[in-house]
Structures are given as structure tokens and as C-alpha cells.
Amino acid sequence: MHEQELERILKSIGREQFTPDPDLVLRTKHAIHQSRFLPAMVLISLGLQLLTGVFALYVLCSPDIGWTTKAYGFFGFSILLTVFLLPLFGIRDQLQGYVAHLREAHA
Amino acid sequence: VKETWMLEDRDIVRRCQEGQTDLMDILIDRHQTALYTLCRKLTGDPSDADDLFQDTWVRAMRSIGQFSGEHKFAPWLFRICVNRYRDKYRKRKRWLRRIKEYPSAEKQDTAMESVGSSDSGPDGQVIRQEAEEMVRVALDRLDDKFRVPLLLHYFRDLGISEIAEILALPDGTVKTRLSRGRAMLRDIVEDSPYA
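So the sequences go chain by chain: A and B. Going by the numbering used here, 45 is the number at position 45 of the first sequence; the sequence numbering is gapless. For any residue, its number in the numbering used here is found by taking its place in the second sequence, counting from 1, and adding 107.
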């Protein structure tokens with residue numbers, strides 16, 4: 001293959017343009033506006049976890065609270081922790097799941 | 108609305124940095140085709156391109172404060188896109204490329220039929236299409252080190268300095284990679300059994 005021919009083909013490939021789906025553009029704009037609140041959401045979640053942790057430690061160390069109550073408290077704390085941790089680490093998966101759901105619904 | 112549409116990218120970014128993040132929509136509308144085309148060319152897959160497109164804009168929004176305004180907005184955006192591609196999609200692409208090395212039976216038949224036909228008329232058209240297909244396959248088999256500069260160079264006619272800025276490489280390295288990339292491309296095409 002001649003150099004000029006290769007150059008012509010590469011230019012022709014380079015000229016090809018792809019237009020994004022309007023839904024993708026809309027979803028992107030939506031994701032950008034949502035991402036503004038992400039740091040605040042993470043901070044709130046971390047703050048709540050810290051408070052819960054401090055409270056759990058207080059309950060665990062307090063001599064006035066019986067071991068049955070402590071066990072119930074520990075059980076409740078683990079549920080609370082799961083509830084707060086899931087959105088924190090699962091946010092991306094949730095968003096991807098939502099996007100996949102939208103795609104399916106659109107298809 | 109008209110007034111904001113008249114604004115240059117630089118001014119829109121400055122306003123975004125000041126807190127008017129709604130104006131990011133204008134930048135998306137302006138650069139959507141260019142960025143999506145780059146995403147498609149880099150990933151070669153519509154679904155991955157969609158993810159890369161969205162990811163790039165979210166990253167751009169997050170780091171909008173770092174845009175100095177000394178350079179154009181588009182190369183800055185492309186740089187984010189190429190970096191995201193490097194981080195996320197390159198490993199997956201290596202697998203895809205191995206599969207793509209084997210042309211489909213249909214393509215092989217068409218290529219064999221076109222051998223020996225004349226260069227003009229409908230047959231010439233077929234040969235040209237086949238040659239283009241061969242270059243596409245060869246381009247896809249090329250290492251990203253050479254493929255990405257080639258894609259950027261022939262995509263929107265980006266200059267050496269702009270590519271160097273996007274890839275964070277010295278101008279000389281970009282020139283070398285472009286020239287070596289073209290030579291490797293020619294070798295792959297010539298080594299192809301249907302060349």
C-alpha cells in the first residue's frame with residue numbers, strides 16, 4: 001500500500017463522526033448535576049457513621065447497661081452501619097443499575 | 108439564553124468555576140459530537156463509548172476548577188477522556204483486539220472476491236472499501252502507544268502540539284510515535300493475507 005493511499009484512508013477514517021444518543025446527553029447532564037451533591041452526601045454519611053460509632057462505644061463501655069441490651073445494641077448498630085455503608089460504597093453501582101434500567105426501558 | 112450561547116468556552120468555564128454550573132450544559136451541547144466521536148474511536152464499542160462519554164463529563168465537572176483558561180477547552184476535555192480510557196478500558200480492549208485479529212468469514216470471502224478486480228468502477232469501489240477495512244483492522248491491532256496519537260492526529264486534524272498537550276508528552280515523542288505508528292500500520296496491512 002502506497003503512503004498516499006494510507007494517508008487518504010486514515011484521513012477518511014478520521015473524518016467519521018458519531019453523534020451521541022440524545023438520551024445519553026440528557027443522562028450525562030443529569031449525572032453532572034447530581035454529582036455536585038455527592039461530596040455533601042459522602043460527608044453526611046461519614047458524619048452519621050462517626051456519631052453512630054461513638055454512641056456504640058459509649059453503650060459498650062457503660063457499666064450501667066446490661067449485656068443483653070448491649071447485644072441488642074450491637075445488632076442494631078450493625079444494621080445501622082449496613083444501612084449507611086451501602087449507599088456510600090454502592091452509589092456508583094446503583095447509578096449504573098439505574099442507567100441500565102433506563103436503557104432497557106427505552107429499548 | 109442566547110447571550111450565554113454567544114459566550115466563548117473559556118468564559119463559560121470561568122462562570123462554572125464561579126458557581127454557575129448549569130452552564131456546563133452549553134459545553135456539553137457544543138462538544139458532544141467531538142467527544143463522543145473520540146470515545147467511539149478509542150473504545151471501538153458503543154456501550155463502552157457511552158460510559159466513557161458520561162464518565163469524562165462527570166470528571167470534567169469535578170475538576171473544572173483546575174482549568175486555567177490558558178489553553179482551549181476541547182484539548183483539555185480530550186485529555187480527561189484519554190486518561191479515563193487509559194485507566195478503565197485499555198485492559199479490556201487488549202482482549203477484544205485479540206479476537207478482532209481474525210476477520211469474519213464473510214469479510215474473508217469479500218476480500219478474496221475483490222482480489223484481481225480493476226481499480227475503477229464498482230469493483231474499484233469494493234477494493235477501496237476493503238483497503239479501508241484492512242487499515243481499520245490494522246489500526247485496531249496497533250499498540251495504544253501509537254494508535255492514540257494517530258487517532259488524535261487524523262481526528263479533527265489536531266496538530267502535534269495539541270496532541271502533545273492531550274497526551275502530556277513532548278512534541279518530539281508525538282512526532283516519533285506518529286511516524287512509527289504509520290510505518291507499523293503499513294507493515295500490518297502489507298503482512299495481511301488479503302493485501
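Treat the hints with caution; some may be incorrect.
List time: in silico EDC-like cross-link candidates among lysine to aspartate or glutamate, alpha-carbon distance up to 16 Å [claimed, not checked]:
| hint | chain 1 | residue 1 | chain 2 | residue 2 |
| --- | --- | --- | --- | --- |
| 1 | A | Lys29 | B | Asp158 |
| 2 | B | Lys252 | B | Asp162 |
| 3 | A | Lys11 | B | Glu240 |
| 4 | B | Lys179 | B | Asp116 |
| 5 | A | Lys29 | B | Asp129 |
| 6 | B | Lys179 | B | Asp251 |
| 7 | A | Lys29 | B | Glu239 |
| 8 | A | Lys29 | B | Glu272 |
| 9 | A | Lys11 | B | Glu272 |
| 10 | A | Lys11 | B | Glu239 |
| 11 | B | Lys195 | B | Asp251 |
| 12 | A | Lys29 | B | Asp132 |
| 13 | B | Lys179 | B | Glu272 |
Hint data in this document are derived by calculation from the structure and do not stem from the laboratory.
For this session: Find the hints from earlier in the document that the structure breaks and name them by number, from lowest to highest.
Result: Hints 2, 6, 7, 8 and 9 contradicted; others consistent.
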